[in-house]
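A.B. asks: Here is what each chain is made of, one letter per residue.
4 protein chains.
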Amino acid sequence: MKNTLGNQLTITLFGESHGEMIGCVMDGLPAGLEIDEVFIEEQMSKRKAIGSISTSRNEEDVVNIVSGVYDGKTTGTPLTIIIANEKQRSDDYEKISGIARPSHADYVAEVKYSGYQDYRGGGHFSGRLTAPIVAAGSIALKMLSSKQIEIGTHLSEIYGIKDDNFNGDVVELCKLNDKYFAVFNDEIGRQMVRVIEEAKSEGDSVGGVLETIVIGLEAGIGEPIFDSLEGLIAHGLLSIGGVKGVEFGSGFGLAKMRGSKANDSWVMENDMMKTTSNHSGGINGGISNGMPLVIKTVVKPTSSISKPQSTVNFKTNETVQIEISGRHDPAIIHRARVVQDSIIALVLVDVITARKGIEWWNK
Amino acid sequence: MKNTLGNQLTITLFGESHGEMIGCVMDGLPAGLEIDEVFIEEQMSKRKAIGSISTSRNEEDVVNIVSGVYDGKTTGTPLTIIIANEKQRSDDYEKISGIARPSHADYVAEVKYSGYQDYRGGGHFSGRLTAPIVAAGSIALKMLSSKQIEIGTHLSEIYGIKDDNFNGDVVELCKLNDKYFAVFNDEIGRQMVRVIEEAKSEGDSVGGVLETIVIGLEAGIGEPIFDSLEGLIAHGLLSIGGVKGVEFGSGFGLAKMRGSKANDSWVMENDMMKTTSNHSGGINGGISNGMPLVIKTVVKPTSSISKPQSTVNFKTNETVQIEISGRHDPAIIHRARVVQDSIIALVLVDVITARKGIEWWNK
Amino acid sequence: MKNTLGNQLTITLFGESHGEMIGCVMDGLPAGLEIDEVFIEEQMSKRKAIGSISTSRNEEDVVNIVSGVYDGKTTGTPLTIIIANEKQRSDDYEKISGIARPSHADYVAEVKYSGYQDYRGGGHFSGRLTAPIVAAGSIALKMLSSKQIEIGTHLSEIYGIKDDNFNGDVVELCKLNDKYFAVFNDEIGRQMVRVIEEAKSEGDSVGGVLETIVIGLEAGIGEPIFDSLEGLIAHGLLSIGGVKGVEFGSGFGLAKMRGSKANDSWVMENDMMKTTSNHSGGINGGISNGMPLVIKTVVKPTSSISKPQSTVNFKTNETVQIEISGRHDPAIIHRARVVQDSIIALVLVDVITARKGIEWWNK
Amino acid sequence: MKNTLGNQLTITLFGESHGEMIGCVMDGLPAGLEIDEVFIEEQMSKRKAIGSISTSRNEEDVVNIVSGVYDGKTTGTPLTIIIANEKQRSDDYEKISGIARPSHADYVAEVKYSGYQDYRGGGHFSGRLTAPIVAAGSIALKMLSSKQIEIGTHLSEIYGIKDDNFNGDVVELCKLNDKYFAVFNDEIGRQMVRVIEEAKSEGDSVGGVLETIVIGLEAGIGEPIFDSLEGLIAHGLLSIGGVKGVEFGSGFGLAKMRGSKANDSWVMENDMMKTTSNHSGGINGGISNGMPLVIKTVVKPTSSISKPQSTVNFKTNETVQIEISGRHDPAIIHRARVVQDSIIALVLVDVITARKGIEWWNK
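Protein chains in written order, with our numbering: chain A, 1 to 363; chain B, 364 to 726; chain C, 727 to 1089; chain D, 1090 to 1452.
Keep in mind that the hints are not guaranteed to be accurate.
Calculated cross-link-like contacts (lysine-lysine; reagent style BS3-like; alpha-carbon spacing at most 27 angstroms) [what the hints assert, rightly or not]:
#, chain 1, residue 1, chain 2, residue 2
1, C, Lys868, C, Lys774
2, B, Lys458, B, Lys670
3, B, Lys726, D, Lys1452
4, B, Lys525, A, Lys256
5, D, Lys1135, C, Lys982
6, D, Lys1363, C, Lys821
7, B, Lys411, A, Lys261
8, B, Lys450, C, Lys799
9, D, Lys1345, C, Lys905
10, B, Lys619, A, Lys48
11, B, Lys637, A, Lys307
12, A, Lys307, B, Lys458
13, B, Lys525, B, Lys450
14, B, Lys624, A, Lys261
15, C, Lys821, A, Lys363
16, D, Lys1184, D, Lys1404
To be clear, the hints were calculated from the coordinates, so they are not data collected in a lab. Just so we're clear, the structure is a prediction, and the values are computed from it rather than from any experiment.
Could you put together the complete structure from these sequences and hints?
C.D. replies: Rendered as structure tokens:
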């Protein structure tokens, strides 16, 4: 539903880049969850633009929970998060009113909202809207963690440079969550940073691939045929601006395999069903099979670049040359990582609750 | 919702491979649509197992519309499609009760349904459930076609062999819909068939990539943030058994591009906004931009192979060697094509109706 | 959603009075429920037109479960019920095409479905559509009963004649379920029958009030603010043709009370919280409070009467006098009783599952 | 869905009585609607506690729209309303922690939220939550009014005293909207006020019946079987605290009529289909028939009274005598009136949009 995601646990997003505030309402949380403000802040900080690989405006993004929490614990009624926007010089944007920035939502918003959209800073389409997702996701991540379900995402690839593969060690996975630039191999991470810096120095941008691994999810979760675990997760992830593809397990690589290779054979280990490979990414028939979930998304290069681009002003119908000035990131993928964790956590809490009921979280 | 897809136009699926019948209920159709039974039959025939690249059982799959149609036209109330199952020798399947066929849903169904699932022939997880999707999709495809929205899907890749790219010609696109083996380049198609035959001769299987192009969709369709056009389409497509990834436009290829290459510049052509490239696959910010939609899925190699595989009988906890006998397809991707068309058509009718209202279809 | 009711447990209705079949799909049932065909048949028989107070066509209404059951138990995947329609002399109805029968849906269906509705026998608006509701409700009633939640409905009032009030004895309540004409006081029941017979003899009809009591529902069920228990139940009940009002506890009688009378005082009895009165009908703040639910609906007099009526043929715009011939019931309230039980049971299973999870039903 | 109402146009409520703020998110509004702040303020003022018939705290209730509006017009993206709570002396409430006030939600909230609910001032169950409903409803009412659909509600009955019936004159109906105490007959209104004052002087409270009439709704609106117009409206109205019953047209009065009286005969007047009576309340078969909608609710007497009451402290299990002190209204029905208008307006915009599409509102 438009700006609401989920069935049992829902998150409803609102706000625009240059409005008074952005935020979200979470509905369907169990009562009695402790709100860990330090963790929320940590998660928010991973989304921030930091250092040489960023130029974007760096807002404080103070998370303010204005309903649904009493005495530090969730009440079970809607939890509302608001994040005030800092005052922006909106006049910067008036100059570009009518200009369809390439691969931005300017033109489609004009059509869909008949010219009434708040176009300043991308309005409702701004990457800023991912901030409340991260705040909400923090709560979901804590819930999963309390049930020994751990999520980690690394920058699997940036502009052709690839990180090491996950070695299967949950400790390694969790270490990702302490890093601002989340890679398994920090040496490769430094190469990635250089690639981003190069793009930045040329007024350009790069994208990449994020890989998420989820450990500890029991078998039996997912509501196929239509609410398959893959369908629900992809639905959520494709809401993140810049994500243009999702794959599970070996994903598009399966197109080059035969069944005899792609099939994951079952074995019994310590009375647990396991598969010897995980090309299915932990999901069979739309239902978790007990193996780690493996989920990849592609994040396109940031659309805002300062290199000259040709485009159209849809108000005057004139062709114009633009160089997008202002503070823009040469890459957002390292910041999008925590958004991906958050969306996956929100979806998993939702679909687990469908099976277990809301009371389960308190057991 | 589990077995219901869509908001305005919904399809609710039911049935099992070896039950009495399979089918679906479509709700939210406009009244007065003519039901084109010949077209439905044509679409159904594209899903059938035919020729040297198939060995699977070939059911008649007679589509019977038992509600929602009066005097050859839709009434506006739920349209129900049933397809009778032919009598199966179910005893074939009792032998494999408890055996977790690799990359099948046998084990997850056991967990999720506590052992009560109808495991015969995959039960509710059988590929047969795509038959009512195709029948329902035929109606959606006709609706789109009446509004000059055309959909075509080709086998973009099979086991490493790639078809030609779409040349942009809508006539070429529509020709795909007349082919059983849908490729732009028939010579390449023959190579693909050989690859499938080879796999078959070795008791193995192959998968590939399906690429769908949608022409004629106006700008402004999609309900972001969460019901982005990408999110809705991916959600639907990942319901199809065997689909393990979805990408839009240049998809995962964007990970190797810079923004200056990936961005699609706008130009005005004959008073129409167009982009000079289409890396975004016709979607910006979750909303159609008027350019062709470009959607790719990966279809994994068929899980049923007759090569020996090692696995576990989850009822006895014993390791077993299996060779899946019976009639199984060495590839299903050429049959999945029409399922993909159908899902995309159903999703598009749904999301267009959100914007235009149900009365629009009769204008 | 149009023809789907529920969130966790959904029922999707389809069919028309003179089509091939009517039926429904239930989705979200737990696996492993035993299907009690005898009980289903008993429930169906309570919906049938029987004896001197009926003249309507009496169909066999054979319930055929065509998916979702294997080996006598639910599989957890969609359970589909179909009921074949007997062949009708549809030519009877052609005569009245265009005639807006007073208080029937003929005219609104014409407008909503642009003249394409199947008008024969009321089409999708026929009371026949309650038959699959009763079949589905039988399954929900059994689920509740397995958790000691019992539902009983009596004919609280017919054309001014009132049954005794519920005396609080669960045995008395359950006895209602063995009666075809469900009243606590059989002597009053006979008076009611006479009132119906009188109406029949004059070609007229009567309505009344149904009161349902639910015993054994624990406190804490309901999802306010918007999915209050009252809201969900009323939503369901107002789907039944002829129901024009719903009230809880003392309902409209509260308009004549002061707070000091209307308030239900709490006492502790055997470590259980109880109220000394039950004007709230077992619901506070949209949530069950552990006391019996008390729900009343008004069922209007049957619209089909054979007395002369003046109306309009909306195809010719002419005023016409009609006497609705054929077999029509002078009252349907005694048959609607089991539909009311069924809807309430379906809603309760749905909202209980939201709290408890689907696995709870198997515990 | 819990705290979200609607399908096309949704409203998501949040907040607690003594939290930082209350509010709602509206999603699915068309872009370009002018926001009439004066009208919103007028509507809000009708909900306020004023004069001799109130004693409750009178908050400023400043409506602050923090997203979804740009340049005074809706943007088409989520519109968020927040209303700051004034600082409350929460210590007043600590005294009553654990006390199950009769007919309040204290005990059920304790059960449902496991003791973690914000019990101060009723928390999420407070009547304050209707304030954002009224603010949101103002926008919906304006939309309907722009399409010549007018809504008016009068206090049909208070503690046995009945207002005049609606005389069918739309001017009279609209006059209701200018009154704080909305009755057709002001003399009777004065009697009602006296009845409320009497109750107040005795530390007691009264309830009554609200009747809403909707003029100008075209035939064909409603989505039966399950989203019947009655079902949707009742679902919304029963979310209002204190509403315990809903009826349409002659409602429960139909139990005392025969069909020959209850049926509404069709006539053609000036090429318009009309009925000579309106026992059906403008709805046949769940679909509007073009006649005025007539909707009644019963609002129970305010539960907070200062008369001594006996109840239980569920934390100590002790029986306690309470006299609810503080500022409480002897009646809320005159203030609930505008909440009822608002809910009905929100539901109607939602279901009209399902048929007409979102673009229709701008035509």
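A.B. asks: Next, verify each hint and record whether it holds.
C.D. replies: Structure-based check of all given hints:
Simply put, C:Lys868 and C:Lys774 have alpha-carbon atoms about 20 angstroms apart, close enough for the 27 angstroms limit, and the pair holds. Pair hint B:Lys458 plus B:Lys670 holds up; C-alpha atoms about 18 angstroms apart against a cutoff of 27 angstroms. Restraint check: the Cα-Cα separation between B:Lys726 and D:Lys1452 comes to about 16 angstroms, which is no more than 27 angstroms; the hinted pair holds. Annotation: proposed proximity of B:Lys525 to A:Lys256 holds, straight-line Cα distance about 11 angstroms (limit 27 angstroms).
Restraint check for D:Lys1135 and C:Lys982: satisfied, since their Cα atoms lie roughly 24 angstroms apart, inside the 27 angstroms limit. Of the pairs offered as hints, the one joining D:Lys1363 and C:Lys821 holds, with about 22 angstroms between alpha carbons and a cut-off of 27 angstroms not exceeded. Only pairs whose Cα atoms come within 27 angstroms are accepted, and B:Lys411 paired with A:Lys261 is accepted, the gap being roughly 26 angstroms. Our distance criterion of 27 angstroms between C-alpha atoms is met by B:Lys450 and C:Lys799, whose separation comes to about 21 angstroms.
Proximity of D:Lys1345 to C:Lys905 is assessed by CA-CA distance (about 24 angstroms); at most 27 angstroms being required, the pair is judged to hold. With a C-alpha separation of about 24 angstroms, the suggested pairing of B:Lys619 with A:Lys48 holds against the 27 angstroms cut-off. Note on B:Lys637 and A:Lys307: the hinted pairing holds, with a Cα-Cα distance of about 21 angstroms set against a maximum of 27 angstroms. Proximity of A:Lys307 to B:Lys458 is assessed by CA-CA distance (about 65 angstroms); at most 27 angstroms being required, the pair is judged violated.
Between the alpha carbons of B:Lys525 and B:Lys450 the distance comes to roughly 39 angstroms, so the proposed pair goes past 27 angstroms and is violated. Annotation: proposed proximity of B:Lys624 to A:Lys261 is violated, straight-line Cα distance about 36 angstroms (limit 27 angstroms). Pair hint C:Lys821 plus A:Lys363 does not hold up; C-alpha atoms about 65 angstroms apart against a cutoff of 27 angstroms. Of the supplied pair hints, the one linking D:Lys1184 and D:Lys1404 holds, its CA atoms being roughly 12 angstroms apart against a limit of 27 angstroms.
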